[in-house]
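Chains as they are written, first to last, in the working numbering: chain A, 1 to 535; chain B, 536 to 825; chain C, 826 to 987.
For the record, the hints were derived by calculation from the structure and aren't laboratory data. Do not take every clue at face value.
Unchecked claim - As a list, the in silico DSSO-like pairs of lysine-lysine whose alpha-carbon atoms are at most 27 Å apart:
1) K828/C x K561/B
2) K295/A x K945/C
3) K308/A x K945/C
4) K557/B x K295/A
5) K828/C x K557/B
6) K207/A x K16/A
7) K338/A x K828/C
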Amino acid sequence: MIGEFERTFGAVLEKKTLGKKKVLYALRVRQEDFPKMVRFLLSMPTVRLFTMVGTDERPFEDAFSVTYWFADWREGEILGIRLYVPEDNPEYPSVASFHKGALWFEREVKDLLGLYAKGLPDPRRLILSDDWPEDEFPLREDFEYYSSPLSERKPQYLPKIEGTSVHAIGPYHIALDEPAHFRLFVRGEEIVGVDYRGFYSHRGIEKLARGRMNYNQVCFIAERVCGICGFCHSTAYAQAVEEAAKIEVPDRARYIRTILLEVERLHSHLLWIGVAAHLTGFDTAFMRVWEVREKVMQLAERLTGNRKTYGLVVVGGVRRDLLDYRVSMIEKFLKEIKKEFDRVVDFLLSARSFVERCRGVGVLTKELAREWDANGPVARASGIDYDVRRDFPYAAYPELSFDIPVYTEGDVLARAMVRIDEVRESLSLIEQAIDAMPSGPIMAGFNEIPGGVEGISAVEAPRGENVHYVMTEDSNVIYRWRIKAATYNNLQTAPDMLRGYTIADAPLIIASIDPCYSCTERIQVMDVGRWEPCP
Amino acid sequence: MNLVIPLIIPFITPILDGIARKVRAKIQDRIGPPVLQTWYDFISLFGMESIDASGSLTFRLAPYLAFGSAMAMLFLLPYGDSSPFGFKGDLIAFIYFFALFSAVVVLSGMSVESSYTMAGASREITLSLVFKPAFAVVVALFALKSGSLSIEEITHSLHLAPSVIGAYALLIYITYVEAGFIPYDIAEAETEILGGVLSEYSGRALAVFLWAFQIKRFAMIWLLSSMIVLPFVGGVKALIAQFLTALTIFILMVVYESMNARHRLDIAVRKGIKALAAGCILLILAFFGW
Amino acid sequence: MTKSYPFEPEEAPPEYRGLPRINPLLCIGCGACTNVCPPNAVIRIDDCSSGTRRIVLDVGRCIRCARCEESCPTGAIRLTREFEAATDDRNDHVEVVEMKLAKCRNCGSFTDYTERQVHKVLSIIPPGILDFERIRDKLPLCSECKRSLTIINASRVGGEWR
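Pulled out of the complex, with its shape left as it was, chain A reads as follows (with noise of 0.2 Å):
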């Protein structure tokens, strides 16, 4: 991918070299001309749209800039193009006018930094509550972390369907573990149209994080992104920062964070697979799994002194040691569970009245898959071989042999398949691990983390890919830190997997994403002052 797009557009192009096969462009004059690379990029049967990224960098290019970061699934490669944008003409062609996947990206620059993509085919809000005044944007850098204006309340809804009625699934809704609203327009049962309001739970981290935090404290608060796959974002964002400050990673250290990652994947996995069953009423299988479950979290428990958060990471290294009791203990744990998740799928598949409420329903086909950028287990049930773990590869997983499973129904029963395929993956995984784990330190030594430098890095969550990008600065700061979550990109199927479907069949479609909408919203809850203490 960089070479033909360096031979075709080279000329134009201001090149930054950031690491073996990642490269970023500055396109500084010609803005018109962008569009067009992005044509030719995304023409590329296995070029994505991998993450967007807009900044403040007034302070040293004296204009905004939004970077599109692409990535080359088959050649491992990713390449980002870089536009500034100056504080006058706060304007930018839009790419979301001919991909559908940079939709969310644009909407989000516009309500956080004030960027308008000409184009752009729906410029309602999509990050700010709706009583957010329309002149105020949070990640400029003239923004406090700490201030809340108000405004008056103007929701932006999407008009009714002529005659359809509204079924609200949300903002609360018994089968929603987050809030999230969805306003289904059903013709009787039938849902017709879809319109979906989120980031209920945004909180500013990454404004956060910028405002009063230093390189290593952000771990935690990228751990605590998500509370399902939080160790896959606290990764993703120590290798961000690794890969920015050319730290190397001790062998030792990369062997325990994919063994925790695997075990995360587990624990996910099985609590998606019980969710399904409940949210069909079948409650036996929800509880025999998650009987499965508690294993997982009891293994994360003994291993990282918590069942979930694990708080391991920090950048550079891992911060527990895999002790030798804790590598046996794993091996007994692994084979109980191992037996009793065979038990478990056999008894769940083997219910007729569970596979038909899954088959045929919420398709999604791969060519919308590909429009809307879906990873994980959603792209892989559409028939799309994408796994970051083996494209991009980080931790140990190229020196551990694995199976992505691949289906190509692209319905409820797939991704349900796909999943339970992985489980059984992250089992061999974890023994692999364990059997190949080279001895020595856990840390790597560094000194201070360099300023003004790049780095962006993505991990397979057990939903899809989590993408990190981290720009430093001086005295161990970072100054912008964009957190990329599977379900940012893989919620904005919902809307085509659900039309055509039942409001029946609302709820597990919507599920089937495995959405997490906390770390879509980069969730953090938090009073930022300091605490003053009782007299």
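Starting from the known structure of chain A, arrange chains B and C on it as the hints suggest.
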């Protein structure tokens, strides 16, 4: 004496529900709540004020009408030797109250401006449209075979025939469906439409409605157990046998329930139509004396 | 699976990271924990008028990451295996360790370190490497006086200060 039993039964149904919870918990490897838990829930619900979500009379009366029709179903059923209000044609009355119950559920759902209750009501209508006729066909077959429209007389004058055996199988299936067990709790699906018509009820009204559902469920199962027991046993023993059979059927149904996921409406309807068709074929067989 | 907790005790595994506690006898008030704590659950408050330093630990803010435990030079702050933090009084979550700040030998105002820190430093300096007595004499100096001492020493070679 016979009048007393239907009056006692409503106080037993919450305990049966507690047993169901316990059985389900055992299957799911849990300890489960105490057997009296449903009673505790009712007592606390009765202590709470119920909020009038619609302001319409239908909405306020619906739980009591449902309770009334469920009780009427109980009074028409045979207990041991005789039924308290049994008369020639009480089967028709039973079907009438049975249908009234569904009608009340639908009306209460329609009386509130809520997409959840509306969905619940429309699902109830759809299900009733296939399963109520199927039930009627089974009943017609029994009437044809025994030459009577009284539940008690039918049980005493049934003769074994292929169509009668088929009718029994259908009756078991329809009882299961009408008792509202998963996969057929579609009209109240908790994770989809938040309990359907029940979603807008609270406090006392909710308790009465839930109670009515349980009584109706028991009445359906009691009818089935009477049809099974009474042709063979008579006298006081019959009452005990009826109760034990009902309990067994109930527990078996709970076990089957916990092995299944909820059907989507279209799948349930397809199954209902198949049942209806099977019933019609059986009826034709019966007509020709099989 | 169901347990009758809280009616039967539930013990966390040995690796568990629970509520942090400060051992007030070991704490020297250096504030290393306050620097690493991501959510600012443990903070340092100096009162220059009364000459006290308070290390305030608020378990309600703590995320149990154990960074404090790793950074503590004396092992004073530890994560226990306790996990039951529920209380009806917010103040139960707060643990305060108060200690005296060292007084500057020169100007008499309070320095920005504690007496215990001075003792700790003196106890870990290997004997024979430095002139012990001289250091003991000069140690409790505020940063202002330290700076002027350096300047005076540099300008008057061999000169005695005070």
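Each hint, compared with the structure:
no.: 1; hint: K828/C x K561/B; result: holds, 14 Å
no.: 2; hint: K295/A x K945/C; result: violated, 45 Å
no.: 3; hint: K308/A x K945/C; result: violated, 37 Å
no.: 4; hint: K557/B x K295/A; result: holds, 24 Å
no.: 5; hint: K828/C x K557/B; result: holds, 16 Å
no.: 6; hint: K207/A x K16/A; result: holds, 26 Å
no.: 7; hint: K338/A x K828/C; result: holds, 24 Å
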